[in-house]
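Grab the two chains, each in its own frame, and use the hints to assemble them into the complex.
Chains A and B, in that order, give the protein sequences.
Per our numbering, the first sequence starts with residue 949, numbered consecutively.
Per our numbering, the second sequence starts with residue 175, numbered consecutively.
Just to be clear, a hint being listed does not mean it is correct.
EDC-like cross-link-like pairs, simulated, lysine to aspartate or glutamate; straight-line CA separation at most 20 Å [what the hints assert, rightly or not]: (1) A:K1106 to B:E417; (2) A:K955 to B:D296; (3) B:K191 to B:D452; (4) A:K1001 to A:D981; (5) A:K955 to A:D1241; (6) A:K1071 to A:E1146.
Bear in mind the hints are in silico, worked out from the structure with no lab data behind them.
Since we're looking at a predicted model, the values are computed, not measured.
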Amino acid sequence: MLQYVLKRIIMSIFVLIGVSMLIFFLLELAPGDPALAVLGENASPEAVAEFHKIHGLDDPALVRYARYLWNVLHGDLGTSYSNGKAVAGEILTRFPTTVLLAFLATVATVIIGVPLGILTAIKRGKWVDTLLSATAMIGVSMPGFWLGLMLIYAFSLKIGWLPASGFYGPVYWILPTVTMAAASAAAVMRTMHSSMLEVVRQDYIRTARAKGVVESRIIFHHMLRNSLIPVITVIGLQISLLFGGTMVIETVFSIPGLGKFLVTALKARDYPICQGGVLLVSCSYSIVSLGCDLLYAFLDPRIRASYQGKKKSDRKAVEKNGK
Amino acid sequence: MGNKNSPFKMVWRQFKKNRLAMFGLGLFIALMVVALTASWIAPYGFDDQDVSRRFLSPCAAHWFGTDNLGRDIFSRVLHGAKVSMSVGLISTAVSASVGVVLGSFAGYFGRKTDNIIMRILDVFMAMPQFLMAIVIAAVLGPGLINCMISVGVSGIPAMARVARASVLTQSNQEYIEAARSINASHFRIILRHVLLNAMSPILVRITMGLAGAITAAASLSFIGLGIQPPNPEWGAMLAGGREYLTKYPWIVMFPGIAIMISVFAMNIIGDGLRDALDPRLKD
Chain A
949 MLQYVLKRII MSIFVLIGVS MLIFFLLELA PGDPALAVLG ENASPEAVAE FHKIHGLDDP
1009 ALVRYARYLW NVLHGDLGTS YSNGKAVAGE ILTRFPTTVL LAFLATVATV IIGVPLGILT
1069 AIKRGKWVDT LLSATAMIGV SMPGFWLGLM LIYAFSLKIG WLPASGFYGP VYWILPTVTM
1129 AAASAAAVMR TMHSSMLEVV RQDYIRTARA KGVVESRIIF HHMLRNSLIP VITVIGLQIS
1189 LLFGGTMVIE TVFSIPGLGK FLVTALKARD YPICQGGVLL VSCSYSIVSL GCDLLYAFLD
1249 PRIRASYQGK KKSDRKAVEK NGK
Chain B
175 MGNKNSPFKM VWRQFKKNRL AMFGLGLFIA LMVVALTASW IAPYGFDDQD VSRRFLSPCA
235 AHWFGTDNLG RDIFSRVLHG AKVSMSVGLI STAVSASVGV VLGSFAGYFG RKTDNIIMRI
295 LDVFMAMPQF LMAIVIAAVL GPGLINCMIS VGVSGIPAMA RVARASVLTQ SNQEYIEAAR
355 SINASHFRII LRHVLLNAMS PILVRITMGL AGAITAAASL SFIGLGIQPP NPEWGAMLAG
415 GREYLTKYPW IVMFPGIAIM ISVFAMNIIG DGLRDALDPR LKD
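In isolation and in its complexed conformation, chain B is listed as follows (with noise of 0.2 Å):
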């Protein structure tokens, strides 16, 4: 892969072109040095309680004003974005790799593995993802953890569905019968050749779903049903706030941008990724 031609290179030179996808890219770079490096740049801790700092609008000592408790809101934003990032790649990585996994299954052999395996999707296909997500939440209780679960296997429908088409473009083309005339196991067929050519659309998926995943945690924590406070996850830090929105609006306006740019980094991302890897659309 180290040829100058290779596709990630010329995908890589296409989205460098890119001058928002870059915007985008930059967007969730800072976002990951922020989220790990929370602890040492935050003011203050995310649950430094001081009670005669009440209410404070923004200022100098503190960005964001602070909350019902007197903790730093800025501090507690840069602390959520640690656990928003964690919860929307966690999650992404769980409907990915079993969504990919079924989708390639199912795109690869085909007759009844894919009959099998898409009509038990259509199941869950048939509700709203993020009722799925809402379900599973309360069947598993609150918490990090469950909240990851539940938004990641929400996700796997969509992800095998895309998975599974891309395969399907794929399966029927003059190399893959190659390499099965050479004895080359499914296995390694699938993994190797197909999954490779077939990596496009799962990708940009992966970049959008990302987004989603923020939103939908951020959702979930909102009505209760996610993370729980006093951890500084956006949503719950809204959902805490939406109280005291007559008087003190800061305490629900920064964890609600906060949530925003990170959902449109991830956005511009996938749409210059989507552009770069797919010459058609190109002018």
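Excised from the complex, chain A in its bound form (with noise of 0.2 Å):
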């Protein structure tokens, strides 16, 4: 197990060193000097030669980039193009927000959606199945942005409850919450309804309910612990959807996080801030899809057992019989 976790998280440190060569030649492919973009169409050429030579933008692409990774292993992200603070210190004052947003987000995605998909499970064909299936249907099928815009006009200018933006408190963190948390949850509540039904098809729930078990321990003890594989599966990729939407519903609701200043700063070229803050949210991204895959493990002990297998032989033939 440690093993695997060591090999997991040296795989993801090459993973993001590419990552940092994508964002890096990407950005390089953007046509136009990034120069004029800070200093403005008109700067004078011994400006934009003095913002070259600051920034080192002389050398060849591969040099920089060189030196770029090098003082990234370093802890140095190097400085903002526009106002020449650290980009280490820009970014990671404002990723706890973004973190924070992330974080109520998934709590809520998790709350809402795992017991509604349940009781969906439960009561299958029921007015309640229908009901909150169909809700949800119309809840992934909804833009994020316009569910917050909606949400600010109802609760914040016309019954005036909840403030329309800025991040201040948990007054605040309601409606980014609920606007984010909204899409997930049905999405989530899709999957633990679909899953839990597969489960309730397995010989082991027939034997159970043979022998006599509570129907509740019956849906909680063994239904839900094995539908809950491909649930994690997917709350992990709206994870990765929830950071995206960060960007977006930052913007909507004026919130000072990393999303909004990565988009502010693409807008305005400020590739060292681009590049770091892609880099961080990439860092964190794969940090939680390690956490989603050893969750597997602690759930399933058919997928633990993979990972104690002492041959790479019997851990592969383990993974086949698990497919």
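Below, the structure written as structure tokens:
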């Protein structure tokens, strides 16, 4: 198990180096001179030359990338083009806001999605199921930024219960969290629903029923645990969507987080900020997906066993059987 | 493929039974018709400004009201269908074609090819898909074509992954071995044998991808990195109407409903298709 985790972490480091390379050269492809974008179209040639000198833009791309990577590995993400501050500080001060937002949205997603999925699966075909499933279908289809604007209109501008923008305390958290969680919760609910229905048909459920296990125990002990694996996959996927969604939702609610900051930096062509921000988001995302994989092992002894096999051939055999 | 039991007809027969999915298909066809005929059926042009008729609330002459420049929102939403549907379809076509080729190569050839392709895609997958789209859109600059490219490219890894997994289950089958033993070329085996049998999950992914692409394109335009005004893209319309939300909410409301309806249609088609293609899920 430990070996597996270590292997995954080392893999992630290589992937993240790949990400840094991808982002660096993607931004390199953008036409035009970032100096002009930052200093303005009418900047004097001297100012542009000075800007190039400060940020080392006159070297070939490969040299600059090598220098960038070297600095990143030493914890230096460079300095912002627009205000000359250290990128690490700039993104790290905004990152907690985004993490909090994504975390709240994830919690809301799980709290809403999982129980409703179980409920609709148990009450299959009843009106509760029909109503909730239809709502979920609409929920998945709603664009988050539009839902956000409609919620602002209803709850801030008309009723005046909740603030429309900012992120200063729990009252401010409600609308963005609901906005972000709506679609994810719907997706999680749908997966939970179908996963439960899949499990209902298994032999061990029939066995449990036959030996007279109480229904509630069947639902929570036998069914729930076995149907969680696909749900965790979807939750992991939703967290990735949530991280992407923060860019838009932070713009809608004027939340001073990393997402909004990144969008602004991308528009202003402040490349060091973009590179650092993307790297940080990818890094957190790879931590989340590692967490998901470890959760599988925690929930399913069959998967756990496959990591404990000493020989590689054993592991492969187990993986095959698992599928 | 003309006989009664061809796989496509069997799937279609299953699909037809699903009323919700048929409703989605109807919606999709209606949207396509609107998109193709917008110039004729819309009562006004998408950029017909009339300053004397600004901010009219929904009425008989302007079903969805008018916006800050006095443009008819109903007409703009209809014209927007053309933009959004074409962005959705073309970007999905981009991600599907490249993704399926990469995925089926990785799945079919395995070993080194698989390793190289998948490790590269791992890097792309390490970023949330929408972040990828934003970065590409920022690099390319705003505009219709660039929006299609950025949404399309960001969808490639997910598509490739689905295609690879599906192809992988087929490439060890006996009929592939049979095809190889009669000296069929790799190209022919992939195209005629493997892909045809591995199509189901890919088709479902394409339908769902279309829904995602429409939302992604609208989101890009909303944050100002996609399609620019006065082009009547739904996301761009939302962004434009945002500052008037307090007094004139209809400017924001109707384009959003349009996005929702088209995404909804694609989602229920995808659901129906999945059920029709996978006999295991049926009760």
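Verification of the supplied hints:
1. The straight-line distance between the Cα atoms of K1106 (chain A) and E417 (chain B) is roughly 15 Å, inside the 20 Å bound, and the hint therefore holds.
2. This hinted pair checks out: K955 (chain A) and D296 (chain B) have alpha carbons roughly 15 Å apart, not beyond 20 Å.
3. A threshold of 20 Å between alpha carbons decides the hint, and for K191 (chain B) with D452 (chain B) the separation of about 14 Å falls inside it, so the pair holds.
4. Of the pairs offered as hints, the one joining K1001 (chain A) and D981 (chain A) holds, with about 13 Å between alpha carbons and a cut-off of 20 Å not exceeded.
5. Between K955 (chain A) and D1241 (chain A) the CA atoms are separated by roughly 13 Å; this keeps the pair inside 20 Å, and the hint holds.
6. Only pairs whose Cα atoms come within 20 Å are accepted, and K1071 (chain A) paired with E1146 (chain A) is accepted, the gap being roughly 15 Å.
Hint compliance for this structure: no hint is broken.
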